[in-house]
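**Q** Same order as they appear, the protein sequences are chains A and B.
Count along the first sequence from 1, then add 213; that gives the number in the numbering used here.
Count along the second sequence from 1, then add 56; that gives the number in the numbering used here.
None of these hints come from the bench; they were simulated from the model.
Keep in mind it's a predicted model, so treat the numbers as computed, not measured.
A few of these clues could be false.
[Claimed, not checked] Which chain A residues stay away from chain B? Per the calculated CB distances, all over 12 Å, these: (1) Thr253; (2) Glu263; (3) Leu285; (4) Gln286; (5) Lys297; (6) Glu298; (7) Gly361; (8) Gly417; (9) Gly466; (10) Met517; (11) Trp553.
[Stated by the list, open to error] Incomplete in silico selection of chain A near chain B, CB under 10 Å: (12) Leu248; (13) Leu282; (14) Phe296; (15) Pro314; (16) Tyr362; (17) Leu371; (18) Thr524; (19) Ile559.
Note that beta-carbon positions come from the ideal geometry of N, C-alpha and C, so glycine has one too.
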Amino acid sequence: MIIDRVQVEAINSFSNLELLKEVYGLIWILPILTLLLGITIEVLVIVWLEREISASIQQRIGPEYAGPLGLLQAIADGTKLLFKEDILPSRGDIPLFSIGPSIAVISILLSFLVIPLGYRFVLADLSIGVFLWIAISSIAPIGLLMAGYSSNNKYSFLGGLRAAAQSISYEIPLTFCVLAISLLSNSLSTVDIVEAQSKYGFFGWNLWRQPIGFLVFLISSLAECERLPFDLPEAEEELVAGYQTEYSGIKYGLFYLVSYLNLLVSSLFVTVLYLGGWNLSIPYISFFGFFQMNKMVGILEMTMSIFITLTKAYLFLFISITIRWTLPRMRMDQLLNLGWKFLLPISLGNLLLTTSFQLVSL
Amino acid sequence: FGSYAITINGYESAFLSEFAPICIYLVISPLVSLIPLGVPFPFASNSSTYPEKLSAYERGFNPSGDARSRFDIRFYPVPILFIIPDQEVTFFFLGQYLLTRLICLDLGP
Numbered sequence: 214m215i216i217d218r219v220q221v222e223a224i225n226s227f228s229n230l231e232l233l234k235e236v237y238g239l240i241w242i243l244p245i246l247t248l249l250l251g252i253t254i255e256v257l258v259i260v261w262l263e264r265e266i267s268a269s270i271q272q273r274i275g276p277e278y279a280g281p282l283g284l285l286q287a288i289a290d291g292t293k294l295l296f297k298e299d300i301l302p303s304r305g306d307i308p309l310f311s312i313g314p315s316i317a318v319i320s321i322l323l324s325f326l327v328i329p330l331g332y333r334f335v336l337a338d339l340s341i342g343v344f345l346w347i348a349i350s351s352i353a354p355i356g357l358l359m360a361g362y363s364s365n366n367k368y369s370f371l372g373g374l375r376a377a378a379q380s381i382s383y384e385i386p387l388t389f390c391v392l393a394i395s396l397l398s399n400s401l402s403t404v405d406i407v408e409a410q411s412k413y414g415f416f417g418w419n420l421w422r423q424p425i426g427f428l429v430f431l432i433s434s435l436a437e438c439e440r441l442p443f444d445l446p447e448a449e450e451e452l453v454a455g456y457q458t459e460y461s462g463i464k465y466g467l468f469y470l471v472s473y474l475n476l477l478v479s480s481l482f483v484t485v486l487y488l489g490g491w492n493l494s495i496p497y498i499s500f501f502g503f504f505q506m507n508k509m510v511g512i513l514e515m516t517m518s519i520f521i522t523l524t525k526a527y528l529f530l531f532i533s534i535t536i537r538w539t540l541p542r543m544r545m546d547q548l549l550n551l552g553w554k555f556l557l558p559i560s561l562g563n564l565l566l567t568t569s570f571q572l573v574s575l
Numbered sequence: 057f058g059s060y061a062i063t064i065n066g067y068e069s070a071f072l073s074e075f076a077p078i079c080i081y082l083v084i085s086p087l088v089s090l091i092p093l094g095v096p097f098p099f100a101s102n103s104s105t106y107p108e109k110l111s112a113y114e115r116g117f118n119p120s121g122d123a124r125s126r127f128d129i130r131f132y133p134v135p136i137l138f139i140i141p142d143q144e145v146t147f148f149f150l151g152q153y154l155l156t157r158l159i160c161l162d163l164g165p
């Protein structure tokens, strides 16, 4: 008995040491910082892309002075915002005013936890990855509502209310589309969803199995990101800048950052859920088979995975930037009608149809 | 008894391993948003203040009243009706999970 107890305590001590090392050690900080660095670079690229594409559509010159081809314009703007004065409105709620942008940034950053860029190239391969993303994306509108409310400005208040109403309205169709995808894949893990699409090249994409869900997801994503024609919370001609009206300096920059982070997350999730994720997707050809003899196949495979995922994601970034300059803004009643009376029943019908097919296929 | 203890530790270790990056990420994310707020503090302090500068934006004339006025309590059920479908979606996930279990167990018509 004494020997057994000593052995058990020894095993417990060993397990605790391993546990502490794994949980609290430096083993996780490097991947997280690498991910944050990658996110920062991608946001800079998106800002540059938006300005260049907008300039091309409008037949004018985009950024061209800061760095070659104006690539450093976003860095210059960010540095400028760092040195601007942080004006606090006299009749606002200062604590809420400061916390609002932070909550929005934190909630969007957490979404990058479950986005896979390769088979083992995901920060947290949770069995409930997409569910975590949907839960986290519900938090960002709280930050926007806090910003609008705390400014004590009529424009900001209306902007905050619009942001909350819009997010709640379009979150439900988006969730139903994600549910249909996870039903097809028999899993809520983002890695499993990508693997379920890898059998027949691009013929195996969920895009073909869920065409209605794909369109509803696209529209709901644009509304969630507050991109034209769904930018009512900002609505420059009506609300000055919506919930951002009273913000200056880096706090305004954080809202700017939130906007592009949210767009990037949505594009990556469209890629993961509907376009096969990191797979090259040429049917019946194993791209990496040609390099089986080489020891560098691991690094090459990882690089190709990241490249393919980002290429697909930037396709949707291009679409959203192009849509911005082709469609007029909606009215608020049109926005809510589209969400509740059109997208919601369609996505619910799509989900029920998927459920029926899954049951029939048993 | 030893086997039982090992099982408990194994389960605990697996659980914490899966969510470890989330715990650390939850610490780093606030830093990512608070550091940009803290860095401009030496440069961006309010050097000169006057009432017009700190007043709310109102296109040049004085703001009339508080932006957050009191509203009729009967409007309150409308946002509650918004929130209810959000809760129901969570149960849809549970339904999807049960259906997946049904498929995996090879039960059905």
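**Q** Now, for every hint given, state plainly whether the structure supports it.
**A** Results for each hint:
The beta carbon of Thr253/A is not kept farther than 12 Å from every beta carbon of chain B, the shortest such distance being approximately 9 Å. With 12 Å as the threshold on Cβ separation, the claim that Glu263/A sits away from chain B holds: the shortest Cβ distance comes to roughly 21 Å. With a least beta-carbon separation of about 18 Å from chain B, Leu285/A lies farther than 12 Å from that chain, consistent with its non-interface assignment. Every Cβ of chain B is farther than 12 Å from the Cβ of Gln286/A; the closest lies at roughly 18 Å, confirming the non-interface assignment.
With 12 Å as the threshold on Cβ separation, the claim that Lys297/A sits away from chain B is violated: the shortest Cβ distance comes to roughly 6 Å. Against the 12 Å criterion, Glu298/A falls within the reach of chain B, whose nearest CB is about 5 Å from its own CB. Non-interface status of Gly361/A relative to chain B is broken: a Cβ of that chain comes within 12 Å, the nearest being about 9 Å off. Every C-beta of chain B lies more than 12 Å from that of Gly417/A, the closest at about 19 Å, which supports listing it as non-interface.
Annotated as non-interface, Gly466/A brings its C-beta within 12 Å of a C-beta of chain B; the closest such distance is 7 Å. Met517/A, annotated as away from the interface, keeps every beta carbon of chain B farther than 12 Å; the closest lies near 24 Å. In this structure Trp553/A is not separated from chain B by more than 12 Å, as the shortest Cβ-Cβ distance comes to only about 9 Å. A hinted interface residue such as Leu248/A counts as satisfied when its beta carbon comes closer than 10 Å to some beta carbon of chain B; here the least separation is about 9 Å, so the hint holds.
The beta carbon of Leu282/A comes no nearer than 26 Å to any beta carbon in chain B, farther than 10 Å, and the hint placing it at the interface is violated. Below 10 Å, beta-carbon pairs count as interface contacts, and Phe296/A has one with chain B at about 5 Å; its hint therefore holds. With 10 Å as the threshold, the beta carbon of Pro314/A comes within range of chain B, its nearest partner Cβ sitting at about 7 Å, so the hint holds. At about 7 Å, the closest approach between the beta carbon of Tyr362/A and any beta carbon in chain B falls short of 10 Å, and the interface hint on this residue holds.
About 9 Å separates the beta-carbon of Leu371/A from the nearest beta-carbon of chain B, less than 10 Å, and the hint is met. With 10 Å as the threshold, the beta carbon of Thr524/A stays out of range of chain B, its nearest partner Cβ sitting at about 26 Å, so the hint is violated. A cut of 10 Å between beta carbons decides the hint on Ile559/A: the least distance to chain B is about 15 Å, and the hint is violated.
Going through the hint list in order, the structure does not satisfy hints 1, 5, 6, 7, 9, 11, 13, 18 and 19.
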